[in-house]
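Once you know that position 204 of the sequence shown is 203 in numbering that gives the first Met the number 0, the rest is easy, because the numbers rise by one and skip nothing.
Calculated from the structure, these hints are not laboratory results. Each statement offered as a hint is correct.
Straight-line C-alpha distance at most 30 angstroms; calculated DSSO-like pairs for lysine-lysine:
hint, residue 1, residue 2
1, Lys-433, Lys-459
2, Lys-311, Lys-349
3, Lys-86, Lys-177
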Amino acid sequence: MSVFDDSVCPNFSSDNSDIIGEPFISTIETLPFTELYGSPDNVMNDLQDFAESQGFSFSKIRTKKHNPPRVGIKVGVMVIGCSKGAKIQASLGTKRKRPSKMTECPFRLTARENEGAWNLKLNCGDHNHAALDATAHSSHRNRAMTTEKVERIRYASQCGIRPRQILNEFRAEDPECKLKLIDIYNKKRDLRAAELKNNTPTQALALALGEREHWFHVLEKNPESQQITRLFMAHLPTAHRDIALINAIRNLYPRVSIILCIWHINMDVRAHATRIMSRKEEVDSLMKDWEVVVYSQTVSSYAENWNRFEEKYSSFHNLTHLNSPGKIGNSFQDLKADEYEAQVQQDIQKRYERVLAYLKESWLQPWEHHFVKCYTNRQLHFDTTTTQRAESAHRALKAQLGFSTGSLFTVVNSIELLLENQLKDWRQRLNGAKNVVAHQHRIPMFRKLINFVPGFGLWKVYEQYERVMKSLEPNGQPLEACTGTYEKTMGLPCSHRIAALYRNRSVLKPEDLHSHWLYSKPKITSFPS
0 MSVFDDSVCP NFSSDNSDII GEPFISTIET LPFTELYGSP DNVMNDLQDF AESQGFSFSK
60 IRTKKHNPPR VGIKVGVMVI GCSKGAKIQA SLGTKRKRPS KMTECPFRLT ARENEGAWNL
120 KLNCGDHNHA ALDATAHSSH RNRAMTTEKV ERIRYASQCG IRPRQILNEF RAEDPECKLK
180 LIDIYNKKRD LRAAELKNNT PTQALALALG EREHWFHVLE KNPESQQITR LFMAHLPTAH
240 RDIALINAIR NLYPRVSIIL CIWHINMDVR AHATRIMSRK EEVDSLMKDW EVVVYSQTVS
300 SYAENWNRFE EKYSSFHNLT HLNSPGKIGN SFQDLKADEY EAQVQQDIQK RYERVLAYLK
360 ESWLQPWEHH FVKCYTNRQL HFDTTTTQRA ESAHRALKAQ LGFSTGSLFT VVNSIELLLE
420 NQLKDWRQRL NGAKNVVAHQ HRIPMFRKLI NFVPGFGLWK VYEQYERVMK SLEPNGQPLE
480 ACTGTYEKTM GLPCSHRIAA LYRNRSVLKP EDLHSHWLYS KPKITSFPS
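Using the sequences and the hints, build the whole thing.
Have a look at this one:
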């Protein structure tokens, strides 16, 4: 005999009505209010307040207007039932896997309109389910979602605050808050849908960019598929060795110089050398010698430093002080002493030849003009020779986004909010910098710069001024010959120009500095091609 036999479990059968079972759990004999209402909304508000106090929830089943006999105007009728009163759709043979909150509750009441006033009549006061807390009823949680909370969810979402944190804030303000985490997610979904205005995220973005004048974009589409192929242009003075990015910059801006990030280059060289060499001391020594080559100030010194580097690491006799034959040649221990020594030398020689080949073929020959100091010093880069600023901006943007599943539309909105906040912070810091002046900068040489150059730029100029002052001391070391590199790369007066002004009892003027270092900068009206 089956455990689901009707004789054993009479409340279970193929009829859905028997699933609910008997008896009724709660019964309402009369409603606690009998007054007339001016609108259906007032009816529902009072009914929901009453239902919440009883552990239930009501919903409209149907609303209609009809012409009663011998009455010339239409009157309204609204049938209201328990929110758990809908019929269960699935049968036992094809029952759904997810549970349903519906119990086919028989509770019914009717609201009728009479000369503009609405009265209530209780048709059936029986509930066939237990009373539950208000948080279990979506209608009560929807009523708790006030306009003020919706606006706070909107602004919090724009600021990248997660739904869990938004809910925690609501509960901290009101310990009796009825909202659940799913309500925050649902409201965020509704707000996104309203923002899209029945468009796809990409369509909404294209429309928004056309309305926002401060966004510079280039919208290009494939004429056959109408798919967007390009939307933004990149403007980067420095880059890691991303061939696709470098090619794109060269195609769009053939006159713009490209500087490769020296920090990433050094990290790649160290990682490659570590895989080939056996000791950390060897790698550290090679990196020091490599940095001497990379930071060569002139083309002649670059050639000399590289020849010296190549000579050192191409001859085993110049490297014996760096190596430990006993550790490197463990695979040759069972050979004779002479054969063992020869194998060790050959092994070391091959490994350093691989390092030299990597440096020449991967970096120097194709890219030396983009990262070696003697070549990059020919460009005005304001001491930006790494992608550190881009990395910092990327980190800030990731923190702003908070998740990786947003559409391009939400990403652009987040970028816009981030940039607006950064601009406000920058303006506040700029105003704060105008309000204070470092004591070291209160010197006659700087008196015409104080109100035009921010503190960071003044400190850069003061470093050169200090060099001049130290060179004028009795035991000071005289300045080296001017190469013009500092002014060319930084857009600031070098120590030699400051020394000349000092001798002539002149002062520095804002015109002596590149506009990059001034409070007021000229507006960009065109982009380089």
